[in-house]
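**Student:** What follows is the residue order along each chain.
2 protein chains.
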Amino acid sequence: MNSVLTPLDFLARSARVYRDQVAVVEDERRLTYAEFNQRIHRLASALRKRGIAPGDRVAVLAPNTLAALEPHFAVPLAGAVLVMLNTRLQAAELAWILDHCGAKVLIADPQLLPSLDPVRAGLQYLEYTTGDHEALVASGDFPFADPPPPEEDGIICINYTSGTTGFPKGVMFTHRGAYINALGEALEHGLNARSVYLWIVPLFHCNGWCFSWAVTAAGGRNVCLRQPDPQRMVELIQREGVTHLCGAPVVVASLTQYCATHAIRFEHGLKIVTAGAPPSPAVIRAAVEIGAEVAHVYGLTETYGPHTICAWCEEWDALPLDERAQLKARQGVPYLIAGTDLRVVDSEMRDIPADALTMGEVVMRGNNVMLGYYRNPEATAEAFRGGWFHSGDIAVMHPNGYIEIRDRKKDIVISGGENISSIEVEKVLYDHPAVLECAIVAMPDDKWGEAPKAFVALKPGREASAGELIEFCRARLAHFKCPRAVEFGPLPKTATGKIRKNELRERVWAGREKKVN
Amino acid sequence: MNSVLTPLDFLARSARVYRDQVAVVEDERRLTYAEFNQRIHRLASALRKRGIAPGDRVAVLAPNTLAALEPHFAVPLAGAVLVMLNTRLQAAELAWILDHCGAKVLIADPQLLPSLDPVRAGLQYLEYTTGDHEALVASGDFPFADPPPPEEDGIICINYTSGTTGFPKGVMFTHRGAYINALGEALEHGLNARSVYLWIVPLFHCNGWCFSWAVTAAGGRNVCLRQPDPQRMVELIQREGVTHLCGAPVVVASLTQYCATHAIRFEHGLKIVTAGAPPSPAVIRAAVEIGAEVAHVYGLTETYGPHTICAWCEEWDALPLDERAQLKARQGVPYLIAGTDLRVVDSEMRDIPADALTMGEVVMRGNNVMLGYYRNPEATAEAFRGGWFHSGDIAVMHPNGYIEIRDRKKDIVISGGENISSIEVEKVLYDHPAVLECAIVAMPDDKWGEAPKAFVALKPGREASAGELIEFCRARLAHFKCPRAVEFGPLPKTATGKIRKNELRERVWAGREKKVN
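Protein chains in written order, with the working numbering: chain A, 400 to 916; chain B, 400 to 916.
Keep in mind that a hint or two might mislead.
Heads up, the list lumps identical chains together, so a pair's fine if it works in one copy or across two of them.
Unchecked claim - Simulated pairs of lysine to any residue, SDA-like, Cα-Cα distance not exceeding 25 Å:
1) K897 <-> G800
2) K670 <-> Q420
3) K858 <-> G450
4) K448 <-> D419
5) K448 <-> E713
6) K503 <-> A659
7) K503 <-> L876
8) K670 <-> A780
9) K892 <-> E862
10) K670 <-> E587
11) K670 <-> W908
12) K846 <-> A520
13) K892 <-> A544
14) K809 <-> S864
15) K858 <-> W908
16) K858 <-> L756
17) K846 <-> P832
Please keep in mind that the hints were generated in silico from the structure rather than gathered at the bench.
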């Protein structure tokens, strides 16, 4: 007897089962699940009073506070579609997204609201904007009268990707997908009613990798944090007994460094889920030393956040740290709820051999892959060619079935028919003591078609010549992989801190046609 | 992007991710997930060779061995429907079920096969019977060619209930329901790839409460056990490092008694999931003493096994054992995956007050409620009247939202308009040192309509008069709840050991009409 799979059920159940347990901590404020549920009903009611009808979009611009967490339930409870905005975007980028999704209501953090001033007058669809989440909640009724029945395949949210090229694309999630992915997070990371989750990964990144819904599913405790500085993180981990947090390796590194400096160790067991880049041996060692365990996961906005996990094998426990780090650096295997819906394929959609050498593109499908891009059927069709979502990530498959990402597809350098992973070369350059930041891009080469070129920013006060860096690479890599040229200077970056390789490529290829694979 | 929810994905994924890990232990034999998967493909292929087409039924009569476990995946992989047979049934009962479900193939344990001899010639649909599971597996091919695509709402199995009245009813599960329920077990009990599950609950009881699929979903280890005698259980728990087992309180009691006698304690952490009756304080204390933790769950075949769990609240830890046992005796709250699809209602389908006193019937709906009864639309319509499945269990709801079962609906005694829980009175009688077994049923009463009558079997060598037992009750219960009559003698039982209260009722009401509520 089917019932609709929707994250709204998680809230309804936890409001009943865990009514007196703490659902959310924000600074000195503590809300039980009964209170959290009441506020969410009020917020849904308030949205309806502001004219929000089923299917309408509601945008949110807020750091990891109640204003970002509560709309994850209140907006779908009102039958509407949530659009979380990246707080690091510029006004013009926000305006583009607001116009594209046609949001009628915007809930903004009071500190962020002024950043929209330059564009507010020109927005086409926005009817109501508030910087006062509390007042909005207070203006609604409990219980929210007649919530529209959720639809399993209905859209619950749209997450705009901050691509390095072109306009943002709006990734659509469904109630079913969000439900299953939330269970996936709970299963992979062992969330339960005694879990305490510290909010580091922004709620605007794939809804905090679906932990927005997973923590409530488990009846765990959300610990909000406006700005993830290490001292405050440590205070909250200790005060609240945090059991889980997610974050990029750089956040993990800042936490472990702070702990090392202050001789802090967590004795209660802390699980750190990291993604975005493989955790280095140093990060893994440092995490162990503060009493934490690191799980490495991989995914994209289009896969509701994490799709794979480097599932740990018991027999690896006994290996030396460097080998463990190498294994942990693999992106691994599909989440339980992803089944076997992940492949690494060549351009003809044939599976590449699991030889740890042959590179192919990672493709996925199934319940933890998006419905499509909002109002963008061309990009959707292109992404789903052959019936699988094309991640644009190039990986090898190890003989044990674990994938390991080698590069972004567009960043691969093809020289004399050989694929060169830009990441592999960059890793070597980063080992050079003078290198602060670097990027490898393809440059035209009359003989080989393409050849690697390095863009390098040196550490302040350090020096290195082009020849020295090339030699450094040649001592460590097959020669065809080494840069033929090095250019020094600061590197261009996106709002979220990614190096704009496309800009560097354009500079290199100005006036010439680079073949897109 | 939807993909079909089916337990077949669990096997496919674990065969890939956990290929070299042990999936099944049976006596001295150990199968990896790769081997388990291969054998299941061969079995599916062998079934096809025996004429099994999608939708056909395949019956299994076996204790908790590979012959019972592997068909849970192989039969649906062949597109067919699994019918697990209760090994305690008589030949005539088995024949009735085989004819009703129309199974074309029967896989039987060689020790059990002869029990069918009296009826085999008369079976209407059975075309192929084997007592040699190994030979059947060996006769199939790997990989199984062209498995039919599973359907999310397709029937995966039919479980016949051993009701105390009438013919058995065939409870239909779907792929979707089995998938979600397996995730539910994994979530509630924390199954993961390091879990080791000891098979005590029969695989023919709601597919071992869906652990048949849940253990493989998690990549855990199945430890088979033909006969759950305590010595062998202890050997396996110690040898394999068992982390989880499920069983009725009587099985738990036999395990703990054996451990107490032999001064055995499990130091690695053992979780025991129990259902069928609330675990007594003695059982809970004994479990703690052997290093185990008890979870109390409740459900029916119609709810894929467990539907509720007595979710433990941290603040209860500090209470004295008797109070903890009282709390643990509650059937509790819906499983995470059951959402809020459980109510306790009066005859008009109104929710009864959560006052721990008012009794009502437990009703459920949603993804962990059966599709219906096979070839029995009348019973299905009756069970689902008002859109909810009627459990036939009478419960109160505590102010904290936890349910506590008071009785089977048909066993309630209604005296002067008051509901008397037969279980409540029986509990008191069981406290009397001379009482071995007892049953309370309603008897006609000219003044009050009905009154409680006790049927009692005394312990060997012990004596007690009717008056003494009635007085014993009156000292402990409201007088209207106490038996007006006591009859001594052995109690009639079903094949599965349940007391046949309906037979006792018929004896009492012979020639008179008992009002059915």
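**Student:** Each of the hints needs a verdict: does it hold here or not?
**Tutor:** Evaluation of the provided hints:
Taking the shortest alpha-carbon separations for K897 and G800, neither the intra-copy value of 29 Å nor the inter-copy value of 49 Å comes in at or below 25 Å. Taking CA atoms no more than 25 Å apart as the test, K670 paired with Q420 passes in both settings, with 22 Å inside one copy and 24 Å between copies. Taking identical chains as interchangeable, the C-alpha atoms of K858 and G450 are never at most 25 Å apart, the minima being 54 Å within one chain and 72 Å between chains. Proximity of K448 and D419 under a CA criterion of 25 Å is satisfied in neither setting, with 29 Å inside one chain copy and 58 Å between copies.
Neither within a single protomer nor between protomers do K448 and E713 lie at most 25 Å apart by alpha-carbon distance, with minima of 55 Å and 39 Å respectively. In this assembly of identical chains, the alpha carbons of K503 and A659 never lie at most 25 Å apart, being 47 Å within a copy and 67 Å across copies at closest. In the homo-oligomer, the alpha carbons of K503 and L876 never lie at most 25 Å apart, since the shortest distance is 54 Å inside one protomer and 63 Å across protomers. Taking the shortest alpha-carbon separations for K670 and A780, neither the intra-copy value of 38 Å nor the inter-copy value of 48 Å comes in at or below 25 Å.
When the C-alpha separation of K892 and E862 is checked against a cutoff of 25 Å, the pair qualifies only within one copy, where the shortest distance is 23 Å, while the shortest distance between copies is 89 Å. When the C-alpha separation of K670 and E587 is checked against a cutoff of 25 Å, the pair qualifies both within a copy, at 11 Å, and between copies, at 19 Å. Taking the shortest Cα distances, K670 and W908 never come within 25 Å of each other, neither inside one copy (45 Å) nor across copies (63 Å). Taking identical chains as interchangeable, the C-alpha atoms of K846 and A520 are never at most 25 Å apart, the minima being 54 Å within one chain and 82 Å between chains.
Proximity of K892 to A544 under the C-alpha cut-off of 25 Å is found in neither arrangement, the shortest distances being 47 Å within a copy and 51 Å between copies. In this assembly of identical chains, the alpha carbons of K809 and S864 never lie at most 25 Å apart, being 28 Å within a copy and 89 Å across copies at closest. Taking identical chains as interchangeable, the C-alpha atoms of K858 and W908 are never at most 25 Å apart, the minima being 27 Å within one chain and 94 Å between chains. Taking the shortest alpha-carbon separations for K858 and L756, neither the intra-copy value of 33 Å nor the inter-copy value of 74 Å comes in at or below 25 Å.
Proximity of K846 and P832 under a CA criterion of 25 Å is satisfied in neither setting, with 32 Å inside one chain copy and 97 Å between copies.
When the structure is compared with the earlier hints, violations turn up for hints 1, 3, 4, 5, 6, 7, 8, 11, 12, 13, 14, 15, 16, 17 and for no others.
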